[in-house]
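Below, each chain spelled out in residue letters.
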Amino acid sequence: MILLEINEYIIELHDIAKSYDGETNVVEDINLKIKKGEFVTFLGPSGCGKTTTLRMIAGFEIPTKGTILLDGADISKLPPNKRPVNTVFQRYALFPHLNVFDNIAFGLKLKNISKEEIEEKVKAVLDVVDLEGFEKRKISTLSGGQQQRIAIARAIVNEPEVLLLDEPLGALDLKMRKEMQLELKSMHEKLGITFIYVTHDQEEALTMSDKIVVIADGVIQQVGTPEEIYNEPSNAFVADFIGESNIFNAKMTSKERVTFLDCEFECVDDIPVGTMVDVVVRPEDIIITTPEEGQITGTITSVIFKGIHYEIVVEDGKNEIIIQNTKLYHVGDTIGMIIKPDEIHVMIPEVLSNKFEGVISKNNTVLFADGEYECDVTMLYPGSSLDEEGMLILSNGEAVDLTGKKVSVEIQIPDVTMSDDENLGGTCGHIFDLIYKGDHYTYTVRTKSEEDFIVDDEYLWNEDDYVSLVIPKDKIVIKLLEE
Amino acid sequence: MKKINISRKNLSIPYMIYMVCFVVAPLAVLLFYSFTDSDGKITFHNFINFFTDGNTLGTLLYSVVVALITTLVCLIIAYPVAFILAKGHIKNKTILLMIFIMPMWINFTLRITALKEILTFFEKNLAYFPFVNTIIGMTYDFLPFMILPIYTVLINIDDCYMEAGLDLGADKVQAFMKIILPMSKAGIISGVTMVFLPAMTNYVILDMLYNSTYIMGSLIGSYFSAYDWHNGSMISIILLTIIIIVTVLSTDSNHKEERL
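In order, the protein sequences belong to chains W and X. Heads up, the first sequence is in this note's numbering, so the first residue is 6 and it goes up one at a time. Heads up, the second sequence is in this note's numbering, so the first residue is 190 and it goes up one at a time.
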């Protein structure tokens, strides 16, 4: 039976992965459906794989794995010139040897269209970008903003089904950028075609998009409307990346109640009691009141004027809380703070402990994550002990050689510490990411073969710092893996 | 104490002296000799001589043909090489570039002598193919001067221009012909001027490869070695004029396009 279905998705990405060297993936497991006429933004820090994803849709890169569908048809392997999509490049890529007219007409001239029609279309599209009468101008005589508009005109004159924009406003100054943001948005409404926009600027993404795709480290973190992304971030990374936020480690202490900052708050998320969670509170959602009325109290340590509000930093014990408020308070004041239940956003962290796969060496140490750690191998067999030669003696007196045995390794997050002495810990890595959580930072440390450790530390380390990871022998929990 | 005035004008004095000594004065001498006879009287005889003498005109034609063919062959070889070096996905690009550039560091007569040996090995007697040998010798000698400027221009053309072409619906050949080739025009022009002009006058290559036909360089040399400064100078001046006209024409066409 043939099912006739109307395809509401213009672009579908299925299990897309891209690797340049055959080992590490720049992006992986990208699954995404984009509706016709949507304004979708890929948002993420530089090097997160957002541009690579866009280039795969454009056809400049071929995915290593997965399929790209356009209107239901597989276009994964089609060259760029066979795809009904057009790109606005980061640095415009206007042809310097051609004038404005010839730049815009470039695509049309390849299509057997009559001269009159080309002239008409170019004129119409120049009208759309507000540069009427610029046909004869040389590219080098145009300002950055004008070049930007011509680049957009050159792409949309071909009437693509999808317009791809790769950080198109990156080279413009702030005022110009704001103007262009609004213009792009209205252009999108006028043209009615799908826009896929790449940026690292969260404000830009929030301003323009119908849907935001937050990407980090080659993986989609969250897909949602700007409101969803801002109000209900799916994890601490998204919360930290989009807007200002207070992130705390917290625990569900009773039904719809969560404890952080040594205080139990009512919340709206129903998560099993006892779960360790992350909590996000936006700085503008904390209400300042008198110390008597506040759920929590603290002392103001800094006040910075930010134009429309003051940014107030409050210290509550070891925790720092950022508050945005339009009323002026003074450093040293003790204040009370109230957080309403629906302003508390609870997230279940993806990683609750560090888990790896390892191998026991002949010295009864465990090898994992590019390193070697001492561990207590007797925990593999209850009641066993080690003899003088390092052989494991089971409770029934049988000797076992553990060399080469595969084990699972688990280390609780608080048991890992960082050191700048490379020889102190069993393995080393670079700090890949860090998130501030009120009284400490949560770090992601990545080893050479891309194994990640989550480490909590009160002190501030820098991104890319090279650290060694120290884990006490008795905190490494190993279990035999079934062969 | 008198203050030393370092204005822009004063800074240009050394350069002016250099220009007068090594550019203006020799040119003036050349001009003087070309329009005088052996008695020092002003005459246009040398000028008329050049354009009425079948031999000199034949030499001019031969030189132009040699230079044109050399330039063309150089361009045909150099462009793909420069393109692959600049845009190809190959490892050790610098080493490859070195291979093409390194002959420039070896003494020119040594290079031609080596080439002579190779050609003799294949052709037995160089006298059989004087014209072909001249073209081979000149191409070999001038090739780096064609590769370098084209390579420099190509390496500075961002990949996004090619991608933009593909994106707008051109296939790879169309994108190259309509975008990359015109964008690298400056490199081609600079390469052509650097090959064409020396190729008209470099008679040492002909000499060493046993091509007894005269080109412009050998003609001037022959007059000078016979102490006929006047006719020799006139030919130099005419050659200079041709060179100036060619240069002005090529740079002018470049400028015109920029203005459009």
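Check before you lean on any hint, since a few could be wrong.
[Unchecked claim] For the chain X half of the interface with chain W, some residues (derived, Cβ under 7 Å), not all of them:
id, residue
1, D226
2, G229
3, L357
4, G358
5, A359
6, I369
7, L370
[Unchecked claim] So, partial list: chain X residues that the calculated Cβ filter (under 7 Å) puts toward chain W:
id, residue
8, E312
9, A316
10, I368
11, M372
The hints are simulated quantities; they were obtained by calculation from the structure and are not laboratory data. From the three backbone atoms N, C-alpha and C, an ideal C-beta is built for every residue, glycine too.
Results for each hint:
{"no.": "1", "hint": "D226", "result": "violated, 52 Å"}
{"no.": "2", "hint": "G229", "result": "violated, 54 Å"}
{"no.": "3", "hint": "L357", "result": "holds, 4 Å"}
{"no.": "4", "hint": "G358", "result": "holds, 5 Å"}
{"no.": "5", "hint": "A359", "result": "holds, 6 Å"}
{"no.": "6", "hint": "I369", "result": "violated, 10 Å"}
{"no.": "7", "hint": "L370", "result": "violated, 10 Å"}
{"no.": "8", "hint": "E312", "result": "violated, 44 Å"}
{"no.": "9", "hint": "A316", "result": "violated, 47 Å"}
{"no.": "10", "hint": "I368", "result": "holds, 6 Å"}
{"no.": "11", "hint": "M372", "result": "holds, 6 Å"}
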